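Visitor: For reference, the chains in residue letters:
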Amino acid sequence: MKILVTAKRVEDPESKIKVKPDGTGIVQEGLKYKINPFDEIAVEEGLRLVAKHGGEVVVVSIGGKEVHEQLRHALAMGAHKAVWVNHTGPLDQMGVAGLLQKVVEKEKPDLVILGKQSIDDDQNQVGQYLAEWLGWGQATFASKAESFDSENEKNKVPALVVGADNKTVRVVREVDGGLATVECQLPAVVTTDLRLNQPRYASLPGIMKAKSKPIEELIPAGLGVDVTPKLTVTKMSAPPARKAGIKVPDVATLVEKLKTEAKVI
Amino acid sequence: MSTLPDAFLRALSESFPADFCTRDPDELQELGRDWTRVYAPAPSAVVLPRSTDEVARFLALCNQHRVPVVPSGGRTGLAGGAVAKSGEVVLSLRRMNRIGEVDLLGNTVRVQAGAVTEAVHQHCAAHGLTWPVDFASRGSSQIGGNISTNAGGVKVIRYGPTRSWVLGLQVVTAQGEVLELNGALEKNNTGPDLRQLFIGSEGTLGVITEATLKLTRIPKKLDVFLFAVPDIAAVLRLFREARRAPITLSAYEFFTDRCLLRVQRHRGLRSPFDAPSGCYVLIETEGGDPETMEAWLGTLFERGLVTDGTLAQSLQQAQELWALREAISESLSATGLPHKNDIALPIAALEAFCAELDAVFAARYPGWEICLFGHIGDGNLHVNVMKPDGMSKEEFLQHTHAADAALFELVQKHHGSVSAEHGIGLLKKDALSWSRSPAELAMMRTLKRALDPNNILNPGKIFDL
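Chains as they are written, first to last, in the numbering used here: chain P, 1 to 265; chain C, 1 to 465.
Next comes chain P alone, as it looks inside the complex (with noise of 0.2 Å):
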C-alpha cells in the first residue's frame, strides 16, 4: 500500500523561543529546527504499516529549501521518497490542506497519516480540511490503549490496522474520557495523537541512505493553489510570567490562604 506523510518544519521545542519586543512572530535568530513530534509519529506508524503490508512512505513537507531537511529526516529513517512543495511565505489551514489535497490527488495513496496538530501554531485542522475537501473517512487522534513504556510495547496491538483485504482501516482514538474504535473504507485519512508511538532513531547507515533518495519539487502555482491567507496573526505576545511561589509555616495557614486567597474550598 502506499501511504502519505506528513513532516512540518517546526521550532524545536528544547530551543529557547522569545517573542519579538514589537508582537510581530517569534525571534528566529538562533533557533533549531525539526520536524513536527505529531508529524515525526505519523511518519513512524506509515513505516511500521508498510513494513507489515509492504508499499511505500511517501514524506511531503510545505516549505523554502530548508524543510530538506526535515524530508531527509524521514527519509533516513525509511520512508522511500519525497515531495517538497516549494513555497516561501504565510500559509493558513486551508492553504496547507488546499497543497496537500493536490499532492494527495497526484500521489494516489491508500492512506494519508498527518499530525493532529503542529505544536507551532496549534491549529489542529489541516486533517479534518483534507479529509473533507478530498471526500475521504477521517480518523483523528489515532492513540495507544497504553503507555509504551513497558517492555512489551512492540507487541501490543497497534492503533492502526488495515483490514485483511487493504480496504479499511481500524483506529483506535483518544477521545474524552477513554478510547473509540472507529473503522474507516480506505482511502482515508488520520491524524496522530502523541501516544501512538515512539519514533525511531534516523542510523547513521539510513542517514546515508536517504542522500541518494529522490525530493520532488512542486510549486504552489503548478498545482493550480491560491495559497493567499484567510487567516493572518496580528499580534504574538508571550504568556505572562509566573508569580514565585511561598512557603507556608504550617498546615492552618495554608487552609487559611486557601479559602482567602485562592477561594477554592
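Bear in mind the hints are in silico, worked out from the structure with no lab data behind them. Some hints could be false.
Selected chain P positions facing chain C (in silico; Cβ < 10 Å) [said to hold, decoys possible]:
id, residue
1, D12
2, E40
3, G64
4, E66
5, M77
6, N124
7, Q125
8, Y129
9, W133
10, G137
11, S203
12, M208
13, K211
14, S212
15, P214
Just so we're clear, the structure is a prediction, and the values are computed from it rather than from any experiment. For glycine and all other residues, C-beta sits at the position ideal for the given N, C-alpha and C.
Following the hints, position chain C against chain P.
Guide: Quick look at chain C alone, frame taken from chain P:
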C-alpha cells in the same frame, strides 16, 4: 551527637543571627552526608552563613575552640569528602548563592560558592556564554564544591577540568583570614599560584567563598552520535580514529551493555538500536562541516569500526542520547549496590591497561556483574562492581576492598591515578599511596599543618595527619 564547647556555643548565639546555626535532626541527617552512602552522618550542628564575613568570623571561632568543620556544597560527591561522621560542624554555603553580572568584555562572572552549577549555566547562557564545566549532577552541585574537588565531567576532553576555568578565588583560611587570590587575571606570574593550591584540596586547606569564573562562547552547533561497537578494544580503536578525524570532539563517552540494561530497568529509557551490542560510544562534535563529517562516518562503516550508529536529529533526541550516559550512575545505585572506582590512565596506556583489566576481573570477580563506563576520551574509566544478590553488604565490601588492591596495582603499573575526578575524601584514603609517592604525601602533610595547624578544616579527609 558530640558535645560542642559551651563557650563556643555561647559565642555562636551571641555573635551570629538566630538562624545561623541549626541542630534540627533532619537537617543534620541531610547535610551530614553526600552521595556516598557508606557512612552514617553524625554532625553536631549545621551553620548557614550569608556572607564571607560570617564565614571568616565563624572559622576564627572554630579555630579558637578547636571545633572541626566540614565545608559543604551540593553534596553530590562520591568519595565522602563532604561527610560529617564524627560530630563535626557542617558549614553549608547554600545561602551564599549570588551570581554576579556577566562581564562581557572579560568573559567572566563572579559567583558565590553556593551557586548551583546549572543556575550559573543558565545565567551565562542569556549572553551566549557558558562555564564549560558540566556533568550529570549539574542541577545540585555547587560552584564551591566543584572548585574544591576540581570537578571533571563530560566536557574535559574539550575544555579541561574545573581548574582551567577559575580565574580568581576568595578563600577563608582556618584562622578566619580572607584571601583574594588572582582576581580576574589571565596572566599573573608573581610567585607560586596560591589559587591552585585550594582547587582540588577538598576543603582541607581553606573554605572557598567566592570565585571569578572564566567563560567561553556556547558552541553554535553540536552533533550527538551514539555508536554500537562490540567491545572495549573497539571503543579504543574508534577513539584512535576520532582523535585523528577532521572533527572537533567535545565528548567521547562509553558504556557497556550492562550499564544500559540497568538504565533501562531504572529509567525506562530505550536504546536507539534494534540489537544489543557489547559497548556503546557517545560522541559529541562541535560545529563540523557536514560533508567532511559524512565522509568520515562513511569510512567507519566501510572499515567495520562500528556495527551501528545514530545521529540525533533534534535537541530532544540529543538529550535522550545523553540521558543514556548520564543516568548510569544514578541507575546503578537505584537498582543495586555498586562498589565504585574512578580511575585515570594516560591516554597512550589505555589499550594496554584495558587488555590486562579483564584478567584482574576474571581472577577477582569471576562471574560478577561489572559495569564499566566513563569519559574514556580523557583517560577516565568508571569501574563499578555490583553486589551479587544474596551476598551481605559486609562480605561484599570486604571482598571489593581486597580486590581493589589488584586493580590499583595495575593502575600504578601504567602510571595512572586511583581517583580521576571523584577525589579521595574518606573513601579512597587507603588507595592514595598507589598514586602518590611518600615524598609527595609528606609534602601534602607539611602544607596541611602549615595552613591549618589545629586541623579544623575537614579533618581526616584525603589523608590522616
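Visitor: Now look at each hint and say whether the structure bears it out.
Guide: Okay, the hints, checked on the actual structure:
| no. | hint | in the structure |
| --- | --- | --- |
| 1 | D12 | holds (5 Å) |
| 2 | E40 | holds (9 Å) |
| 3 | G64 | violated (18 Å) |
| 4 | E66 | violated (14 Å) |
| 5 | M77 | holds (9 Å) |
| 6 | N124 | violated (21 Å) |
| 7 | Q125 | violated (25 Å) |
| 8 | Y129 | violated (27 Å) |
| 9 | W133 | violated (31 Å) |
| 10 | G137 | violated (32 Å) |
| 11 | S203 | holds (6 Å) |
| 12 | M208 | holds (6 Å) |
| 13 | K211 | holds (8 Å) |
| 14 | S212 | violated (12 Å) |
| 15 | P214 | violated (19 Å) |
The earlier numbered hints that this structure contradicts are 3, 4, 6, 7, 8, 9, 10, 14 and 15.
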